[in-house]
Amino acid sequence: MAKDLNAFRNERILTLVEQGEITICEAFIMMRKSSSPTTKGDVEISREERIAQIQRELSLLIGLKSVKQLIQEIQAFVEIQQRRISVKLNSEPVVLHMIFKGNPGTGKTTVARIIGKLFREMGVLSKGHIIEVERADLVAEYIGQTAQRTREQLRKAYGGILFIDEAYSLARGGEKDFGKESIDTMVKAMEDQRSDLIIILAGYSKPMEDFLQTNPGLNSRFPIAIDFPDYSAFELFKIAEGMLKQRDYQLNKAARRKLFRIIEDMKKKDQSNFGNAREIRNLIEKSIRKQAVRLVKKQQSSRTDLMEISNEDIGEVLEV
Amino acid sequence: MKRVIILGQANVGKTLFTLNFADYLGAKTINLSFQDSQRGSYTRTISVKDAVDLLVSDKPHHTRCLQSAVLQIPWGKGVKHFEIMDSAGLIDGIHENEPIRRAMAQTLATVRQAEMILHIFDCNRIAKQDILHGVAEVDYQVAQFGQLRAGYGVLANKFDLPQAKEGFDKLCQEFPGHCIMPISALYKQGFREVRDFVKRQL
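Order-wise, the sequence lines are chains A and B. Residues are numbered in the working numbering as their position in the first sequence, beginning at 1, plus a constant of 6. With the working numbering, the residue at position 15 of the second sequence is -2, and numbering never jumps.
These are computed hints drawn from the structure, not numbers from a lab. Nothing here was measured: the structure is a model prediction, and the numbers come from that model. Every residue gets a Cβ at the ideal spot worked out from N, C-alpha and C, and that includes glycine. Certain hints may be false.
Claimed, not checked - Which residues of chain A face chain B? A partial, calculated answer using Cβ under 8 Å:
#1 Phe14
#2 Asn16
#3 Val23
#4 Gly26
#5 Thr29
#6 Ile30
#7 Cys31
#8 Ala33
#9 Ile35
#10 Met37
#11 Arg38
#12 Glu63
#13 Leu67
All chains should be modelled from the sequences, with the hints used to inform the complete structure.
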């Protein structure tokens, strides 16, 4: 019965193509859906497969070549240390606290999430969850409360990753600021809870450099520093395409060219504080709204119309 | 008998590859199966040499019918047979010409039955025109569909042309994790790898 239904559906796809109702791409998507193997159900997926799946997720991120390579290195290192332990060789203690440096919207949080999952599967972390905090979550108003508050966040993060966004702000207030107290508490916890907690300090490149220089102890305690480079124009274009695809939209040819040109222009215009992937998302969302305005005037719209973003829908993000 | 289908955009060299590959594996004749709105479907058999003159052209959408040939690959002391099928070029969007649309529908119908997909690209076009135009949306869709099959290989055609190496590198970047084989359909280069690839899947 199910087979008949499938055959009928496939027949229908072919007729639609022949009549010029749908494009070949859409036909392929439909065919893929109807011929994809039935879900595996509750078959247990092995650990290797889960790790491979996480790696695939990482490799699907656009650009970030050096980041991917570093994560591969870390993964190999951890794996080998574990193997060495199993044959009773001396092994280095695995210290995996990290520093992420990069402009906003370059994928720091996304990568941190993937690392959390990866380390859980590899057995480095027991839970692999990620707690995202900023200065306000760690530093309190009055003397003596900061340590408590920081400790509370640390307790939440045990077994996973404590991701401190804009970490340089902890040292911004000068000598008397409570941020220092928070750092001290953290350093203590890092020494005590070595094995089951990873702290990631993240922030913009320049302030992070200054932050690390003013706290010499930090550099050695965070042995892994990952730089997140800005995306190139082509990478940003690919990201835009990916975002549109996720939302079930597609660009026509003229729109592709225009979008690429706009991204190139944006990139040229302000090198220093270009918002990268987040800016692209704004651009895309704006063009989706513009497309909606264009279509709402028309009485009827086909499926292709609803999916297609044409070049008049794409405009630059307005300056505020 | 396993079936191999050759897919790709218009004018990347699908037909020439099919015919020359058939020739390389020692086939003498080739079947053409037409689908006509008046006469229904019918088949003709002609020799490979005639077919090259008749079917290969440098204009896009020259192939309107399904061409197939039964080929054999040496296997141990005997041979194994498989069927190779040429198809009409795929495009993004909808073609205004009805016979061409019908040819594409016929191609899709065959894709579903085929066990193996060989996906052809034009290296030179990729190098010349930037990846946005050398690789079309439909190519990505074919690649994704191909992953459902055990045998999915990417052929980088026109490798004899000067800029082809550049295009090949771009192609490798664009489709990581696939088996990408550089070939020249015109000069029959790189056919041994393709043969071995097909052989592994039989």
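Hints, verified against the model:
no. : hint  : result
1   : Phe14 : violated, 13 Å
2   : Asn16 : holds, 6 Å
3   : Val23 : holds, 4 Å
4   : Gly26 : holds, 5 Å
5   : Thr29 : holds, 5 Å
6   : Ile30 : holds, 5 Å
7   : Cys31 : holds, 5 Å
8   : Ala33 : holds, 6 Å
9   : Ile35 : holds, 6 Å
10  : Met37 : holds, 7 Å
11  : Arg38 : holds, 5 Å
12  : Glu63 : violated, 14 Å
13  : Leu67 : violated, 13 Å
Checked against the numbered hints given earlier, this structure breaks hints 1, 12, 13; the rest are met.
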